[in-house]
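Q: Sequence:
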Amino acid sequence: MQYKMLVLDMDDTLLTDDHKISDLNKKVLLEAQAKGVHLVLASGRPTSAMTAYAKELQLDLYDSYIISFNGAVISTVKDDLVLFEQCLTPEQIHDLYDYSVKMKTHIITYIDGEIVSETDSEYIDIEKEITGLPHNKVSDFKAAVTKPAVKCILLAEPSYLKEVEGDLKLAMPHLSVAMSKPFFLEAAQNGIDKAASLKLLAEKLNIHQSEIIAVGNAGNDLTMIEYAGLGVWVDNVTPELRDRADVIVASNNNDGVAEVVKRYILN
1 MQYKMLVLDM DDTLLTDDHK ISDLNKKVLL EAQAKGVHLV LASGRPTSAM TAYAKELQLD
61 LYDSYIISFN GAVISTVKDD LVLFEQCLTP EQIHDLYDYS VKMKTHIITY IDGEIVSETD
121 SEYIDIEKEI TGLPHNKVSD FKAAVTKPAV KCILLAEPSY LKEVEGDLKL AMPHLSVAMS
181 KPFFLEAAQN GIDKAASLKL LAEKLNIHQS EIIAVGNAGN DLTMIEYAGL GVWVDNVTPE
241 LRDRADVIVA SNNNDGVAEV VKRYILN
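Heads up: the sequence shown begins at 1 in full-length UniProt numbering, then just goes up one per residue.
A couple of the hints might just be wrong.
Label-pair ranges, simulated between beta-carbon atoms [claimed, not checked]:
#1 GLU129 / ASP80: 17 to 27 angstroms
#2 GLY166 / LEU205: 28 to 38 angstroms
#3 ARG242 / GLN209: 14 to 24 angstroms
#4 ASN136 / ASP235: 19 to 29 angstroms
#5 LYS35 / HIS174: 39 to 49 angstroms
#6 ALA250 / LEU61: 23 to 33 angstroms
#7 LYS169 / ASP63: 31 to 41 angstroms
#8 GLU226 / GLU56: 27 to 37 angstroms
Straight-line Cα separation of at most 20 angstroms, SDA-like style, residue types lysine to any residue; simulated pairs [as the list claims (entries may be wrong)]:
#9 LYS102 / LYS55
#10 LYS55 / ASP11
#11 LYS20 / ALA52
#12 LYS26 / ASP243
Just so you know, these hints were derived from the structure itself, not from any lab.
Cβ atoms here follow ideal geometry from the backbone N, Cα and C, with glycine treated the same way.
All chains should be modelled from the sequences, with the hints used to inform the complete structure.
A: Encoded structure:
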């Protein structure tokens, strides 16, 4: 099979634990693009927290794309043109806030390039570090959220948040709900996930799903792993998902992405 598109999750997949692209991963990804393969970054991150990495990999020079906010936004790297965006309504966000209060979790959303929350948390601090976005701590979350936003994240201790995940899926079946990290439970508009946006992008580029490789590590990657012609986990995949991909490669800290590229694209 000649693969035409490579789709990569970022945190804990492409990036090492210190949020860097290894020299080997960068080298082979540039070689893959030189061969004509479309490289797409697909992350739960905000668009602005992906752009520098995309340009480091020269996606702007190859006129490629990023899928951000877990699939809620598709944009070009070269000129930051938004091709697709689907948001939660303020009413849906308020409902998620009420649910979060009931379940005693933290909740954040994104308004005007800021992380918005009523609370502080070690988990919110992690999101601040990952995204580089400013944190707007407000006294009244609902009053602060008066317009649509792409997603919300509920944050709590991992074992408890896993219980919340199952409950939220039952309580709000009209939303897309997935774990991106053990302490991040993400909620987006119905039908929004990485696979849905990947399908839209592939159709735009006239690429069949059998010609796509997707690589990830967590629950919010599962839809694209199952959609792609070749679905790949890095070795640090969430344990209960290990049997849900076609292939498992080395971990994010051991150049798993480079292993995929060398085996299936450059070979």
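Q: It remains to establish, for every hint, whether it holds in the given structure.
A: We went through each hint and held it up to the structure:
Judged by the Cβ atoms, the range 17 to 27 angstroms given for GLU129 and ASP80 holds: they are separated by roughly 23 angstroms. Restraint check, GLY166 to LEU205: a C-beta distance of roughly 36 angstroms satisfies the suggested window 28 to 38 angstroms. Roughly 22 angstroms separates the CB atoms of ARG242 and GLN209, a value that falls within the hinted 14 to 24 angstroms. Take ASN136 and ASP235: their Cβ atoms lie about 37 angstroms apart, and the range 19 to 29 angstroms is violated.
A hinted range of 39 to 49 angstroms holds for the C-beta pair LYS35 and HIS174, which are about 42 angstroms apart. Between ALA250 and LEU61 the Cβ separation comes to about 28 angstroms, which falls inside the hinted range of 23 to 33 angstroms. Look at LYS169 against ASP63: about 37 angstroms separates their beta carbons, and that is inside 31 to 41 angstroms. At about 29 angstroms, the CB distance of GLU226 to GLU56 agrees with the hint of 27 to 37 angstroms.
Annotation: proposed proximity of LYS102 to LYS55 is violated, straight-line Cα distance about 42 angstroms (limit 20 angstroms). At roughly 16 angstroms between alpha-carbon atoms, LYS55 and ASP11 fall within 20 angstroms of each other, so this suggested pair holds. Straight-line distance between C-alpha atoms of LYS20 and ALA52 comes to about 11 angstroms, which keeps the hinted pair within the 20 angstroms bound. Distance check on the hinted pair: LYS26 and ASP243 sit about 28 angstroms apart at the alpha-carbon level, beyond 20 angstroms; violated.
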